[in-house]
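These protein sequences, in sequence, are chains A and B.
So for the first sequence, this note's numbering puts the first residue at 1; every next one is plus one.
So for the second sequence, this note's numbering puts the first residue at 1; every next one is plus one.
Hints were generated in silico from the structure; no laboratory data involved.
None of the values given here were measured: they were computed from a predicted structure.
We put the beta carbon where it would ideally sit given N, CA and C, even for glycine.
Warning: the hint list may mix true and false statements.
Not the full set, but computed from the structure, chain A residues with beta-carbon under 10 angstroms of chain B [stated by the list, open to error]:
#: 1; residue: G3
#: 2; residue: Y48
#: 3; residue: S58
#: 4; residue: P109
Chain by chain, the residues:
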Amino acid sequence: DTGVSQDPRHKITKRGQNVTFRCDPISEHNRLYWYRQTLGQGPEFLTYFQNEAQLEKSRLLSDRFSAERPKGSFSTLEIQRTEQGDSAMYLCASSLVVTSGINEQFFGPGTRLTVL
Amino acid sequence: AQRVTQPEKLLSVFKGAPVELKCNYSYSGSPELFWYVQYSRQRLQLLLRHISRESIKGFTADLNKGETSFHLKKPFAQEEDSAMYYCALKAGYSSASKIIFGSGTRLSIRP
């Protein structure tokens with residue numbers, strides 16, 4: 001499978017624990033995005049990277065959330081001191097930025113987080 | 001504020017009937033609009049975008065700036081069209097800006 005992959009696919013944790021998710025983008029893609037999707041809602045933007053640089057963060061990304069893309073390839077999203085409100089599907093997407101034409105974001109299957 | 005509104009949570013139509021999924025947006029600049037689809041047990045994927053003015057799987061969508069709408073239409077629904085549909089807006093002038101999604105409409109095609 002040459003698409004975007006995410007690991008784990010499911011995570012159940014207790015409130016107060018830390019969790020980390022990984023996203024592997026399509027290999028030549030230089031942009032990587034994180035979204036969060038709660039039940040009955042569309043995906044909500046969290047943050048994105050251009051190579052290893054984090055260029056934008058949403059107000060949704062509280063100080064308990066941190067994302068990295070250290071080598072400009074895979075990315076991790078860590079949530080510290082999880083709360084029940086963090087329960088959601090976390091989606092990763094990647095794209096290849098070109099100076100002209102269409103920039104399509106390709107989505108991964110998501111990581112479903114359940115905080116007990 | 002940038003916002004995408006899909007007023008219908010669920011739309012159920014019979015096979016062969018016309019389909020229209022409504023989408024309205026709020027954006028101060030020149031918008032780029034998209035429709036994404038998620039079939040059962042599959043990942044979210046792009047269906048079509050307004051700037052391409054294309055028809056994909058029989059679906060079309062026309063951007064109406066006066067009504068700030070981007071409704072998705074298909075003249076004759078098929079059972080395989082059953083899925084979750086999200087209208088989306090690209091926010092920002094960069095070619096790789098973030099996407100703002102609506103809350104989605106579940107389309108159910110009855111045989």
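Checked hints:
no.	hint	verdict
1	G3	holds, 8 angstroms
2	Y48	holds, 6 angstroms
3	S58	holds, 8 angstroms
4	P109	holds, 5 angstroms
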